[in-house]
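Taking the hints into account, I'd like the entire structure generated from these sequences.
Chains as they are written, first to last, in the numbering used here: chain C, 10 to 349; chain D, 10 to 349; chain Z, 10 to 349; chain F, 10 to 349.
Among the clues, some could well be false.
Where chains are identical, the list cannot tell them apart; a pair therefore holds if satisfied intra-copy or between any two copies.
[What the hints assert, rightly or not] Straight-line C-alpha distance at most 35 Å; calculated DSBU-like pairs for lysine-lysine:
id, residue 1, residue 2
1, K308, K167
2, K139, K233
3, K90, K47
4, K206, K12
5, K233, K206
6, K206, K121
Simulated from the structure, these hints should not be mistaken for lab results. Model, not experiment: these values are computed from the prediction.
There are 4 protein chains.
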Amino acid sequence: MTKIGLVGLGYWGPNLARVLNQSRVCDFVACCDLDAKKMEQTVRQYPTVQPMGNLDALLDSDVDAVVIATPISTHYELARKALEAGKHVMVEKPLAHESALARDLVLLAEQKERELFTGHTFIYSPPVQKVKQLIDAGELGDLHYISLSRVNLGLYQKDVDVVWDLAVHDISILLYWLGESPIRGASFGRACVQRNKRDVAFLWLEFPSGVIVSNEVSWLSPQKMRRTCIVGSQKMVVYDDTSPDEKIRIYDKGVDWHQPQTFGEFQLSYRTGDMVAPYLDNSEPLLREVECFVRCIEKGEKGMTSGDFGAKVVEALELLQASPLDVSEVTVATGEVTPR
Amino acid sequence: MTKIGLVGLGYWGPNLARVLNQSRVCDFVACCDLDAKKMEQTVRQYPTVQPMGNLDALLDSDVDAVVIATPISTHYELARKALEAGKHVMVEKPLAHESALARDLVLLAEQKERELFTGHTFIYSPPVQKVKQLIDAGELGDLHYISLSRVNLGLYQKDVDVVWDLAVHDISILLYWLGESPIRGASFGRACVQRNKRDVAFLWLEFPSGVIVSNEVSWLSPQKMRRTCIVGSQKMVVYDDTSPDEKIRIYDKGVDWHQPQTFGEFQLSYRTGDMVAPYLDNSEPLLREVECFVRCIEKGEKGMTSGDFGAKVVEALELLQASPLDVSEVTVATGEVTPR
Amino acid sequence: MTKIGLVGLGYWGPNLARVLNQSRVCDFVACCDLDAKKMEQTVRQYPTVQPMGNLDALLDSDVDAVVIATPISTHYELARKALEAGKHVMVEKPLAHESALARDLVLLAEQKERELFTGHTFIYSPPVQKVKQLIDAGELGDLHYISLSRVNLGLYQKDVDVVWDLAVHDISILLYWLGESPIRGASFGRACVQRNKRDVAFLWLEFPSGVIVSNEVSWLSPQKMRRTCIVGSQKMVVYDDTSPDEKIRIYDKGVDWHQPQTFGEFQLSYRTGDMVAPYLDNSEPLLREVECFVRCIEKGEKGMTSGDFGAKVVEALELLQASPLDVSEVTVATGEVTPR
Amino acid sequence: MTKIGLVGLGYWGPNLARVLNQSRVCDFVACCDLDAKKMEQTVRQYPTVQPMGNLDALLDSDVDAVVIATPISTHYELARKALEAGKHVMVEKPLAHESALARDLVLLAEQKERELFTGHTFIYSPPVQKVKQLIDAGELGDLHYISLSRVNLGLYQKDVDVVWDLAVHDISILLYWLGESPIRGASFGRACVQRNKRDVAFLWLEFPSGVIVSNEVSWLSPQKMRRTCIVGSQKMVVYDDTSPDEKIRIYDKGVDWHQPQTFGEFQLSYRTGDMVAPYLDNSEPLLREVECFVRCIEKGEKGMTSGDFGAKVVEALELLQASPLDVSEVTVATGEVTPR
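And the structure:
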């Protein structure tokens, strides 16, 4: 069975530890963190896991694969070392803080013939997969636009702004659903509470197939929203991740356009049918993600959230920053963004 | 009592007829429409109203004021004639289809010393006025950003796109709340059903005080939303116009930022208190609007939705179109927008 | 075409006047009310309707049918006179204030070979009819129980308590759905605001097929609820009349019980499938009701809400009062019910 | 520090183990269960806890107090033994399966001068305590009625019906809020899935102060509801335990009744003001409950959910069964209740 070591036991690491321990397709054998206390807690909870004093010790051990859940700015360095040591690697999202570095990891993994995997957990969640099935089956018709809101109060991150913290989820979901990367992007945001760190941003994306996307992300919002609306020419879907029972709602609604037959004016008709909230199984996405990683190692396949997929997400995030349409620096210039 | 004539009995006109008849501060004495049938219906319902064969006949009569509810492209011409005939004029929103023409009307009204008024009804609705009070009283603190969604399935307009149909409401509300005009704007949309007529658009606005705004408008959405979120440094408000009982919800929430005291890192704390949904009276905005127009005539004052206010709304709509940040034409260029 | 006269222009009468005027299957020719002002208003709005000084004048005219929308205590007397004058009669719900009187009207209508009809409007509403179809088609399986809440703040009635005002709707719906009358009933309530007039009541009913029912009605509740939950062995339905778009929600949920195969314990399994909110047309129930009345007259048939149906509703209301299980008088006895 | 042993590691026991381990006011030192595997799991997770082969071994140890979380029918026997061994005892709800046995335990605890405590966790939840404060402060005015719904699909219990499983929560909450025991009760239910075990029931209660109560409990319902509506003469409260952020909503609503001044009719006016959803802290009720138990032991005081309180809850449950108004046996008699 694949032996796995976990690097990083901070905010997200304990969740990974739990599913690595729970899974029956791999052995969770080692962990490592700069904070000795966190290692101690982990080992107490999972007595068969061996604590490692540092990454080198972990890489020298007989683990087959390494899961990296450290701060984003360290992803590249740690993943590179693990790949060079011949380990399979899963990196928490985003794969790296620059797309060039992400691409470098993808290349290295190919050279070393090792699996490189990114922890985009939402791709393994039943509602996100349900929408993918609906799109691929053509049930929604041609996609017109997608509007996504991911807002709540907090949780401010230390090393990234709200786009790299929250929009990274939405962008991974979009790339998965559409199977293509955006050709244009723009962002508009504001650093309201801390200098130079945007806590609210509005993003626009345009995809080759013509789909346009608006994405609202905020750490500064009174109501929690995890709402995505997908509008197709045949059906429309609302994916609300805060709903306990009806995360997916499929609307048989649309507008039909009739060419004028004679000289007349265009004619529109509105179509309204049933709404269906399909049953979704409630298996845990994180467990499915980790087990997908293990299966990919065993079969030598690429998973849905391969390194290449992870690199594309980072490229889209950079597109949002680099675009000439980006007006986010304006808010910095006005001097309005000083912390209050 | 001020004698009023109504021009245009199409989609919106009958609502104006109803409140003109209901109000006790004015006399609804005459009406006029190209469609004789509609005049007949109106006169049957309000027997004291005199039908006029055309605008000239109406302007020759002794009406003091004219209310214009015709297609947008005719607003300028009709309002100009009415002002030149010495009548006070109320024009349905938007005041004109170009800002230069709107400004021309404002100037003419000043020269003629007549009241020019715009029918931005939302400004007279209790929830919109409640938010204005909260902002002016400083209860929300400094305003960070505002996010507005106005989406539903239909109702497609013939002579304007979704921005001029729906965003005109949101922009009037923003100008009223903030008391300033945007300095930057951009729009991103798509013509999904009909060629060259956008049925979905995402708008960005930046105001001199630093407030940034995102506005989503769509005729092509499965759920009706009329949701506005106003985020201030002290409190946050959600204004949901689809809620029967709780249109305004005031959240005592925020994030406080503490300067590092020594070398340390910044510190944030989240503040959460009560939520209050204040009682709002349910007087009809349209009646209040019409009576405000009459009072302005009587007192020689400018109302909240004066011609100048209406012109500013048109200027903001143009800013959204003219801005170099506008990418809406891109979607036209891709050929993806042909009607399906 | 059937000529109809309307008696009673108070709270509900104007709604009947509107649909009688709107319908193309009958002629609304006359009206009558003790209040001359109300007749004047009606005639102004519907100029072809003739005002009648009193009921006798109306009955002497050539109207074929009479619609009665007067206070409940007058229903019997007015309906009897109209039947004796040879008119077809539709009476607002409830048919009479005592079941013996209701039965008397049914008998008289049979003798006179005239249509007697009751205005139980909910029976003509699309969601109520949808549930009836689901039950009759066996889609819900065996019915276990039904729980209904009809509560809000106000509107206090002058001549009846909350049971006769609100539960009359729920009972008519139950009789229509189940096609049977209750064999047992009990009520439990309290007169909170006014002496001897219950403004909140909880009702229990048991039907021959075994279905049990709980019905909560209140004039004194902070949130408006119009919620009915129907639990069958195959599917479950929630009918929420306050929902703008999803009045009916059909849940493919249930519990299956497995007989122990050997010595073992019973085994239960929970079944959860899709939820469907079917599209419902939005035709007006009151118009459909009036047109059903007219069609019944023309064809000599009994409608869904015939006099016999109306009498059964009154019998069920009496069962709730007369049952030995009724504890409502207890609250009177405690002296707790004095108005505060 | 008080040393505590836990008896019963089945459905609820692990939650108690977690908080006993988490709390800093007591020592979780021992556990005991018939299932050796469950003890093993517990000890692995909490290495300092000693597994005991049976209750006698536990009672012979130096634990000061015992927490009992075994099937209901065993509560009395186990609690009696523990009290006789001189231990303080906390018993999961309900205290016993008969009120006489519950009273016997209360008496024994007094004789032995030991703390007897019942695990009615809801009494320690912030929203339930908030309502208690509002009632005691008189903010709601005189209480008129309370309506409670506690329904969902499953979870069927083996040894009790839905009343003893779910209504036990509502009754404990009512006794806590009102500070009095019901003088009348009736229940109406049906055994839909299994013979002789009611899975849906409707309960009525009347309290000495005049408050009437309706309580709906069901294991067979498509939507989860945990909704309680408290109607007072001054204010009304809705306590919705399924709401993530607004469990308590306080409505400034009411009906005022004016005595007729002359001969005239009564006059009612409806009062509508703001709605407030107060901030509630999110401390864990189960931890607060356990720590209350420990404090009561240390100070020799009676807690809110003392043995006496627990006995009163059992008495109210019996009242619901024994009352002449109970019609639940009727459904058995009709033969309609055979499992399908």
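Inset, instruction - Run the structure past the numbered hints and jot down the numbers of the failing ones, going up. - result: Hint check: 1, 4, 6 fail, others pass.
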